[in-house]
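S.K.: Once you've looked at the hints, dock chain D against the given chain X.
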Amino acid sequence: MIFASVTNLLSAAEKSGLPLWECILRHSAEESGIDPAASRARMRKCLDAMREADASYDPQQRSRSTLVGGQAEKMRLQAEAGRSISGEFIGRILAGALRMGECNACMHRIVAAPTAGACGVLPAVLLPYAEKYGTSDEELVNALYIASGFGCVIAQRASISGAEAGCQAEIGSASAMAAAALVYLHGGTPEQMANAVAIALKNLMGLACDPVAGLVEVPCVKRNAIGAMNALTAAELALAGISSAIPADEVIDAMRQVGLSLPGALRETGKGGIAAAPTAMRFAASFFG
Amino acid sequence: MDIFEIIGPIMVGPSSSHTAGAVRIGLVARKLLARPPVRAELLLHGSFAATGRGHGTDRALVAGLLGFEPDDTRIPDSFVYAKEAGLDFRFDTVELRDAHPNSVLLRLWAEPDGKPMEVVGASIGGGRIEIREFNGIKLRFSAEAPTLIVKNRDNPGSVADVSYLISRRSINIATFQVNRSSRGGEAVMVIECDTPIRQELITAIRSMPDIVDAVGINP
Numbered sequence: 001m002i003f004a005s006v007t008n009l010l011s012a013a014e015k016s017g018l019p020l021w022e023c024i025l026r027h028s029a030e031e032s033g034i035d036p037a038a039s040r041a042r043m044r045k046c047l048d049a050m051r052e053a054d055a056s057y058d059p060q061q062r063s064r065s066t067l068v069g070g071q072a073e074k075m076r077l078q079a080e081a082g083r084s085i086s087g088e089f090i091g092r093i094l095a096g097a098l099r100m101g102e103c104n105a106c107m108h109r110i111v112a113a114p115t116a117g118a119c120g121v122l123p124a125v126l127l128p129y130a131e132k133y134g135t136s137d138e139e140l141v142n143a144l145y146i147a148s149g150f151g152c153v154i155a156q157r158a159s160i161s162g163a164e165a166g167c168q169a170e171i172g173s174a175s176a177m178a179a180a181a182l183v184y185l186h187g188g189t190p191e192q193m194a195n196a197v198a199i200a201l202k203n204l205m206g207l208a209c210d211p212v213a214g215l216v217e218v219p220c221v222k223r224n225a226i227g228a229m230n231a232l233t234a235a236e237l238a239l240a241g242i243s244s245a246i247p248a249d250e251v252i253d254a255m256r257q258v259g260l261s262l263p264g265a266l267r268e269t270g271k272g273g274i275a276a277a278p279t280a281m282r283f284a285a286s287f288f289g
Numbered sequence: 290m291d292i293f294e295i296i297g298p299i300m301v302g303p304s305s306s307h308t309a310g311a312v313r314i315g316l317v318a319r320k321l322l323a324r325p326p327v328r329a330e331l332l333l334h335g336s337f338a339a340t341g342r343g344h345g346t347d348r349a350l351v352a353g354l355l356g357f358e359p360d361d362t363r364i365p366d367s368f369v370y371a372k373e374a375g376l377d378f379r380f381d382t383v384e385l386r387d388a389h390p391n392s393v394l395l396r397l398w399a400e401p402d403g404k405p406m407e408v409v410g411a412s413i414g415g416g417r418i419e420i421r422e423f424n425g426i427k428l429r430f431s432a433e434a435p436t437l438i439v440k441n442r443d444n445p446g447s448v449a450d451v452s453y454l455i456s457r458r459s460i461n462i463a464t465f466q467v468n469r470s471s472r473g474g475e476a477v478m479v480i481e482c483d484t485p486i487r488q489e490l491i492t493a494i495r496s497m498p499d500i501v502d503a504v505g506i507n508p
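From first to last, the protein sequence lines are chains X and D. When we follow the numbering used here, the leftmost residue of the first sequence carries the number 1, and every step to the right adds one. When we follow the numbering used here, the leftmost residue of the second sequence carries the number 290, and every step to the right adds one.
Looking at chain X on its own, in the form it has when it is part of the complex (with noise of 0.2 Å):
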């Protein structure tokens, strides 16, 4: 089973002789039954329906609880106009993140990757990665098989949910993959996208499932944003040559742990950490009262 570990995906690659994007292809589209050429042209979809999504965007729209919507235009213009700190790649990776997150809570047809509350992870980093440095479309679809292969060790060895493992598990996973995405894309080495996802997992280890009221929009939508940006710190050190001190797997292993010990109130049911602070008890109150 390659999806059993990132050692077990790295060495099938390799014994394989396949670069690792076209291993975890093969490897998949063999277990379900499919056509290689039918899963490229899925993931070709997920690809189109992310750029459709970012397109889907209305500044003017807000959520049906009033609480989420036109953030994203707000960072747009800053970046755009010059004004952010860290200059315009960044400014364009935050606002498409929170784009993406808030197009998700005002019920527009989005790609759960791998949930719908972590969709803007991963479109965020990709495509002003895609747009700076001139990444076709076909290389963009190698990228989600290697978020998605990583993605697939971390649900089968930990999880995805964030009722089951919280936020780390949702936010924390996106980031993961989007890190080795962005990895393969800048030319790294497999072992290098390991790395990446072991780093972009423990800088957001123990995070919570705190939604307030329940609801996938606060503090959700900002999360994709310390997501994208968590997975582009991640890639950078790798490609580096930084290594994680602590394996991938073991790094995975731990977060499942973590994600045990978490309490109920921490786990997606809107009770505790953020959820519980008292302006976010009102809302709930007046929102559903």
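Everything labelled a hint here was simulated from the structure, so no lab data went into it. C-beta atoms are modelled at their ideal positions from N, C-alpha and C, and glycine is treated no differently. One should not assume that every hint holds.
Among the chain D residues that face chain X by a calculated CB cut under 7 Å, a handful are [stated by the list, open to error]:
1. SER305
2. GLY343
3. ALA434
4. PRO435
M.R.: Frame of chain X; chain D shown alone:
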């Protein structure tokens, strides 16, 4: 492990369990009814009742009843489309016993004054669902595979009759459950198959003795 459960599904937000899963429950219920519903009562349980409104669970369920898929951009406006389609619906909350937190009891009518069909569906995470109850009989299936649901009077021979008809068509059975309300009462078979179920098989099953009804749903 399917990689398209990691990148994907493509779905209308905000929540795979409370929105995409809810659409699928509605859609499977519509397929079980085998006709477009004209009237529906949707009774929300647990987290569906508590946070469903903010997640669009209500609009998602109605969208499913109209036959929309989870990636259909008409989902947010499903109430408007329901009016156009002549579907009269009503929401309420309910306390179901031993139910999954994301559950809904659907009562559907194919004719305004007929007898309703009752289905309990649970959204179990990541957009995946399970049908847990059908017309008062406990059962469990995901509707991810072609599934045959056969209602019969609990007399000897029905299971053999149905499996014979299936095997004659070279359809491989993946799983087979038999559930009944009481001995000699009404029973339900749930048969998951590896290949799509055609109407011709349903008609053949319906013509057998002791069979009350049969419906096939394909993903």
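S.K.: A separate judgement is required for each hint: does it hold in the structure or not?
M.R.: Each hint tested on the structure:
1. Given the 7 Å rule on beta carbons, the hint for SER305 (chain D) holds: about 5 Å separates it from the nearest Cβ of chain X.
2. Given the 7 Å rule on beta carbons, the hint for GLY343 (chain D) holds: about 4 Å separates it from the nearest Cβ of chain X.
3. The beta carbon of ALA434 (chain D) comes no nearer than 12 Å to any beta carbon in chain X, farther than 7 Å, and the hint placing it at the interface is violated.
4. Using the Cβ-Cβ criterion of 7 Å, the hint placing PRO435 (chain D) at the interface with chain X is not satisfied: the shortest such distance is roughly 14 Å.
When the structure is compared with the earlier hints, violations turn up for hints 3, 4 and for no others.
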